[in-house]
Each structure stands twice: as structure tokens, then as C-alpha cells.
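Undergrad: We have chain A; now place chain B onto it with these hints.
So the sequence lines, in the order shown, correspond to chains A and B.
Going by my numbering, the first residue of the first sequence is number 1, and it counts up by one from there.
Going by my numbering, the first residue of the second sequence is number 1001, and it counts up by one from there.
Be careful, since some hints might not be right.
Sample of chain A residues at the chain B side, in silico, Cβ under 7 Å [said to hold, decoys possible]:
1. Gln25
2. Thr28
3. Leu95
4. Met96
5. Leu187
6. Glu201
7. Leu213
8. Phe347
9. His409
10. Gly416
11. Met419
12. Leu420
13. Leu423
List of simulated lysine-lysine pairs, DSS-like, C-alpha gap at most 30 Å [stated by the list, open to error]:
14. Lys218(A) / Lys308(A)
15. Lys279(A) / Lys308(A)
16. Lys182(A) / Lys1109(B)
17. Lys1109(B) / Lys1193(B)
18. Lys1097(B) / Lys1238(B)
19. Lys304(A) / Lys279(A)
20. Lys308(A) / Lys182(A)
21. Lys1097(B) / Lys1109(B)
22. Lys182(A) / Lys304(A)
23. Lys308(A) / Lys1109(B)
24. Lys1238(B) / Lys279(A)
25. Lys1238(B) / Lys218(A)
26. Lys304(A) / Lys1238(B)
These are computed hints drawn from the structure, not numbers from a lab.
Ideal Cβ positions, reconstructed from N, Cα and C, are used throughout, including at glycine.
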Amino acid sequence: MSVNWRNISLFAALFVALGMVWTFQSPTLALTIVNMGLISAIMALGVNMQWGYAGIFNVGIMGFTAVGGLAAVLISMPPVGAAWSAGAFGAILGLMIGAATIFAAVLVTRRMVPGWPRMLTLIAVLGVGWTLNRAVFVPAINAIEAVNPASEGYLGGLGLPVLLAWPVGALLAAGAAWMVGKIALGLRSDYLAIATLGISEILISVLRNETWLARGVKNVTGIPRPLPGPAEVRQQDWLPGLADTLGWSVNQTAQVVVQLGYATLFLIVLGLLIWLAEKALNSPWGRMMRAIRDNETAARAMGKDVTKRHLGIFVLGSATCGLAGAMMVTLDGQLVPTAYEPLRFTFLIWVMVIVGGSGNNWGSVLGGILIWFLWVQVEPAGRWLIDVATIWLGEDSALRAHLLGNAAHMRLLTMGLAMLLVLRFSPRGLIPER
Amino acid sequence: MDPINAFVLLANFVLVPALAYGSQLALGALGVTLVYGILRFSNFAHGDFMAFGTMVVILTTWVLQAAGIGLGVLPTALLALPVGIVALALYALAAEKLVFGFYRRQRVKPVVLVMASIGVMFVTNGIVRLIIGPGDQRFEDGGRFIFSVREFREWSGLAEGLALRTAQGITIVVALVVMVALFWFLNRTRTGKSMRAFSDNEDLALLSGINPDRVVRVTWILAAALAVVAGTLYGLDKGFRPFTYFQLLLPIFAAAIVGGLGNPMGAIAGGYLVAFSEMTITYAWRRFLGHLLPEGWTPEGLAQILSVDYKFAVSFAILVLVLIFRPTGLFRGKAV
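With the rest of the complex left out, here is chain A:
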């Protein structure tokens, strides 16, 4: 592979921009952008696998990241013993009844001949299953939610190290994606888009409403950290010396050290993923995926099982998003279901992929960090812009105050413009596919 100076200079420019934030704003802000940017880059990488390699149009990214985030709670939070003894059996039995009902319904649909008898059997199976499920499940979850509702009221997790949640998050997201893919893949791209949009909304509403699972809108906070926090770093005897050398306060130094720690963790994961993704893209498998993307009919004629391959890559890409979701919850230390908003967690990732260059892993990474950088920085810039543009209205103008109050939404406008401009004038993105 020859050295591509254009790409290197793009990354260098991004690095310089971050350096300017570091110097002129604050090192912590720069690192906050970097950390979230790295996570965004992983999400973009996942979407790029689906769209860039295989041409699958998935707008349910938010759902898969949320499922990944759920894993962080389920793995790392300490179990709530009282809740387990109060209703875990019923809750799990109820879930199993639900799953068995769906399985039976699928069997009925598959095995019986179409017609009225099948319809009636199906309705009967669903009706019985639902009634049984309610009878077992509802009392159990009520019992769970009654256990110390102010701070617990849920089953808790397994109390395992939080880093384990990352692969588990990927697995959970993969499971969800497998179910969606089974239903919606092989249909037209528009249908898949709507179906994924729907499933992501449903996953979020499950997270919001199933209080017994992860406390719903009451949020789970204080998720264990994989790294020592600033308070513990401050205790170290080498820290004051380091702070003196840098000329920073001890607090800031400790914070920067912690953030650098997370950045390193994320970089390792991202590096590993990129390495795997590049290997896969350049393997026979990657060539086959691109062949399917570029001409499905031809690929099918060559004996490739297009639907199965699509399912595979859909699951892989969604698992990557789930991994990123688990990482994000780990970074935040909390799961806040109401924070999941499709514009931010689905469509912004799409902007990253398009701007970065679909089909190119490095493009997704660049797009992920760059767009996240803009997303953070556009808000103050937008406020300043409105401030300057409306100065003629006078200091006490109501319109001016109103626009300034809403200035945060400039970022949506800017992201949309960025996406439209790139799509129009450079449809292959900043780092085009090779």
C-alpha cells in the first residue's frame, strides 16, 4: 500500500484542530471530544460495514447502541438480591413463556397450510401465550419494582467487570439485529429502512418502560468504572509533580490523566476493529460483499446466497454499534434511556459515514471524529453567528433573544448542510473507497 498523503493530511488537519481546542479552550474539552469521537468512529465503522460494504440501509443504529448500553448495566451493576428473590423467577419464566409463544406462532405459520384454520390456531396460540405471560410476568415485575424503588427497583446486573460488557453488548446487539434481519432483509431498501427505524424506537421504549430491567426513565447511575476516577488519581504521589511541570491545577491534571486512559482504551478497540475490518474488506469475503453490493443479480447468478450474506454483515455491523453503545455507557457511567434520540444516534452517524466516505474504513473514522468535533463546536459558533447577525436588532430585541435561545439547534442545520453538500459535490466522501 502506497502512502496516501491526502488522507494523512486530512487526519493531520483534524489533529491540528483538536490541538487548537486543547490550547485555546481547554485540554479536558479536547479530550472529551476525542473520546466521544472515537466511540462515534466505531459506530460509523459499523454502519460503514453495512452500507459501504454491502449497501444495506440501516436507520436503526440508535436501537442497537442502546442495547449495547443495556449490556453495561446488566454485566457490571451489583445484583439486587432482594429483587432477585422477590420476582426474578416469575420475570424469567414470563419472558420464556413470551419467547415460547412467539416460537409456537412462527411454527404454526410455517407448518400449517394457509387458510382459516391456521389463522384461528395462530390467534389461539397468541391469546393463550399472552394470558399466561401476563399472569406470571406482571406480579413478578411489580414485586421487583417494589424493592427499594428510590435507588433500586430492578434486578441489577451480574456484578462482573465492566469491560466484559463491551463484547456482551456487541452480542446482544447482534441478537437483536439477527431478529430484525430475519424479518426485513431481502426486502426492498425502503422497507428495511422503515423496519429498522421502527425496531429502534421499540427497543428504546422497552428500555424506557421496563423498569424492572434497567430502571427505565429513572436511569441507572454509578456504573462501575474500568479505570480509576480522578479522585483516586489525585491520591497518587507522582501527580503533584506532573501538575507542576505542566503548570496545571491538580484537579485538571487528574482529569486529563483519566481521560487519556479512556482514550487509550478506545484507541485499542478502534485499532483492533480497523485492522479486522481492513483484513475482511480485502479478503475474498470482502470482495464478495462488494460484488453483491454493486450487482446483486450478477452475484446471485454466480451462486452467492445474497440474503444470507446480507444477514451476516447486518449482524456484524450492528454488533459493532452495540459495542460502541456499551463503551459509551461505560464512559458516561450511566444509562439514560431518554437521551437516545434518533437524530443524534442514528442520523448523525449516517452523516459521519457519508461525509467520511462510504466504503472506506479510514473514511468512517475520520468522519466520526470530524463530525463529532463539529457537532460539539458548532453550538458556540452558531451562537456567535446569530449574535453577530442580529446585532442590528438591538440588545433588548425579543426576536434576538429568542434566536439566541434556540441557537443550539444550529447544529442540526449545519449537519444537514454538510451531508447535502458532500452528497452533491463529493458523493464519495472525504476519503473515497479505493
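TA: Below, chain B alone, put in the same frame as chain A:
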């Protein structure tokens, strides 16, 4: 056993709200399906188009209210509708000129147009939130009820009451008028016929001398008009909030797909189907069953199949069922 009270109860909590909601969805789905049938892509910006148009209607309503102009018992927003339609039509035409037209001339794959519509969605969303803010806005005025629960009880002497809010009544009437007008336009006028021809077979339509630019323009104007009417009616009924309008995208698309994308009749049927399913599945049937079943048989729980929070799941489930059993929709749509 008290079937009359049971029916009134059902009408009050399920039938009337579902009829109103279904009309709103049907109008939205008509816009989506028109764009899909003629311009051949799923317009993800439709929800935000609705929000944009409704925003203009709200602002105009406020101006009218300040000037003391109103319609008496009817909401002032009806007067403001034309302004919203003109504004959104201009906006949609601008989007066509600046964004969509370029890709159409390139004859790109439909998914690229969908992508572009996501960009437009972002921009529109940003504009709406910048101008009116992300919060709730209520702009309903005039008489609140056509008849209220109390009036109905006094009139009928029944135990259960039935109310018809002005917003619901207007929604049903306006939706009916708009649908009839649309079908008249598509089936009877020259422009409407050329649009249907264009939708059926683009190349043949071009050969017979139909001006594609004109067809595209008219489609956008119609879609804009439908979006504004749907958005305003929804806003009158349930209040305006930009994010809610974005979320309407899912039931609207479900309605359009269930009916068969590109098929106007299907969009209407789909809209009502989605609305009625959503309402019946999230409704707590306890009191209804209490009226119908013999004394003492009333179920203990709410007899609710799904909690209201999962209403998205209903649209989604309908969508999935249709996709599995009849992929082109109930009224045979088109596949691009």
C-alpha cells in the same frame, strides 16, 4: 349486559379518537405515497415538512389572533392554513431545485434520494427548532367541544358519556374534503391524469409529451399541501412539538406501506388501519368488558394488550405482518 353503554364507551375512547388520528395519518401517508409513486423515493423529510408547515400555520395564527381576526367557534388555524401551504410548497420546491432535482436528472438509485431526504430532514428540523423552538405549542382556539360528555349524558340519559372535540370533528371533515378533492384531481383533471401516467410508466409518459418538470412540481405542491393539512390537524388535536412530528414518520410510513406504496387509496386505508389497531391494542378494555359480561365477570386487570408506551410497536407489528404475508401491501403498490 349493557351493549349501548359499552358502545358509547368504545366510541368515546377508541372510535372517535382513532377516526381523527387515522384521518391525520391518512393525509400524511397520502403525501408520502404521492412522492413515492411519482418521484420514486421514500421521503424521510416528510415528518419535518409537516412540522415546518404547521410552524408557519402557528405563527400566522398568532398574528391573526393578535389582530383580533378569528372564525368564532372554529379554530383560527383554518384561516392560516393557506399561508402554511404556500410556505411549505415554496420550501419543497426549493428543496427540489437545490437537492432532489440534481439526483433525479442523474437517475441515481432511489436510496441516494432517500439519503438526500435525510439531509433535507436535518436541515428542516434545524430550521423549525431554530424558529419556534423544540417545546410544546398549543394553538387551538374557538369552541373546544362540538358536544361534551355532560351534554351527551343529559341528551341521551346514558351512564357513559361521549364527547366530540372541535379539533376531532374538523379533522374528520377536512380530511374527507381533502381526500375527495385529491381523487377528483388525480382522476378527472389533465394534470392529475398526467401524474398518474408518469407514475405508471415514466418513459411512456415522456414519449407522449408530458412535461416531467411540471409533474414533479405539481407533486411537490400536492405533497406540501397534504403535509400542512395533516400537520395542522394533528397539532390542533394533540398539540405541536417538532420531535413528535418526526416520530410520526413511522406510523405514516407504516400506513403507506400497508396500503401499498404509491397507491393513494391504500394510503387512506392504511392510515385508518394503523390508527384503529394502535388504539384498540393500547386501550384498557376492562370497563368495556364490564358492560358486556355478566355481573361479577369483569376482569381484574386492565385487560390492555399493550401499554400505551408501546404504540410504536403496533405500527411496526402491522408493518412486519404485511411485509411477511403481502409484501406489496394490501392494495398492490409498486416496487422500485
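Undergrad: Are the Cα positions of Lys1097(B) and Lys1109(B) separated by 30 Å at most?
TA: holds, 18 Å
Undergrad: Keeping to a limit of 30 Å between CA atoms, is the pair of Lys279(A) and Lys308(A) held or broken?
TA: holds, 21 Å
Undergrad: Holds or violated: Lys218(A) with Lys308(A), Cα cutoff 30 Å?
TA: violated, 40 Å
Undergrad: Do the alpha carbons of Lys1238(B) and Lys279(A) lie within 30 Å of each other, as the hint requires?
TA: Violated: Lys1238(B) and Lys279(A) sit about 52 Å apart, past 30 Å.
Undergrad: Next item in the hint list is Leu213(A). Is there a CB on chain B closer than 7 Å to its CB?
TA: violated, 14 Å
Undergrad: Holds or violated: Gln25(A) as interface residue toward chain B, Cβ cutoff 7 Å?
TA: Check failed: Cβ of Gln25(A) comes no nearer than 24 Å to chain B, outside 7 Å.
Undergrad: Given the hinted pair Lys1238(B) and Lys218(A), is their Cα-Cα distance within 30 Å?
TA: holds, 26 Å
Undergrad: Given the hint that Lys304(A) pairs with Lys1238(B), does the C-alpha gap stay at or below 30 Å?
TA: violated, 50 Å
Undergrad: Was the hint right that Leu95(A) lines chain B, CB cutoff 7 Å?
TA: Leu95(A) check fails; min Cβ-Cβ to chain B is 16 Å, beyond 7 Å.
Undergrad: Compare the distance between the alpha carbons of Lys308(A) and Lys182(A) with 30 Å, and conclude whether the hinted pair is satisfied.
TA: holds, 9 Å
Undergrad: If you take the shortest Cβ to Cβ gap from Thr28(A) to chain B, is it below 7 Å?
TA: violated, 28 Å
Undergrad: Let's test the interface hint: is any C-beta of chain B closer than 7 Å to that of Leu423(A)?
TA: Holds - the Cβ of Leu423(A) comes within 7 Å of chain B, reaching about 6 Å at its closest.
Against the hints set out earlier in the document, violations occur for numbers 1, 2, 3, 4, 7, 14, 18, 24, 26.
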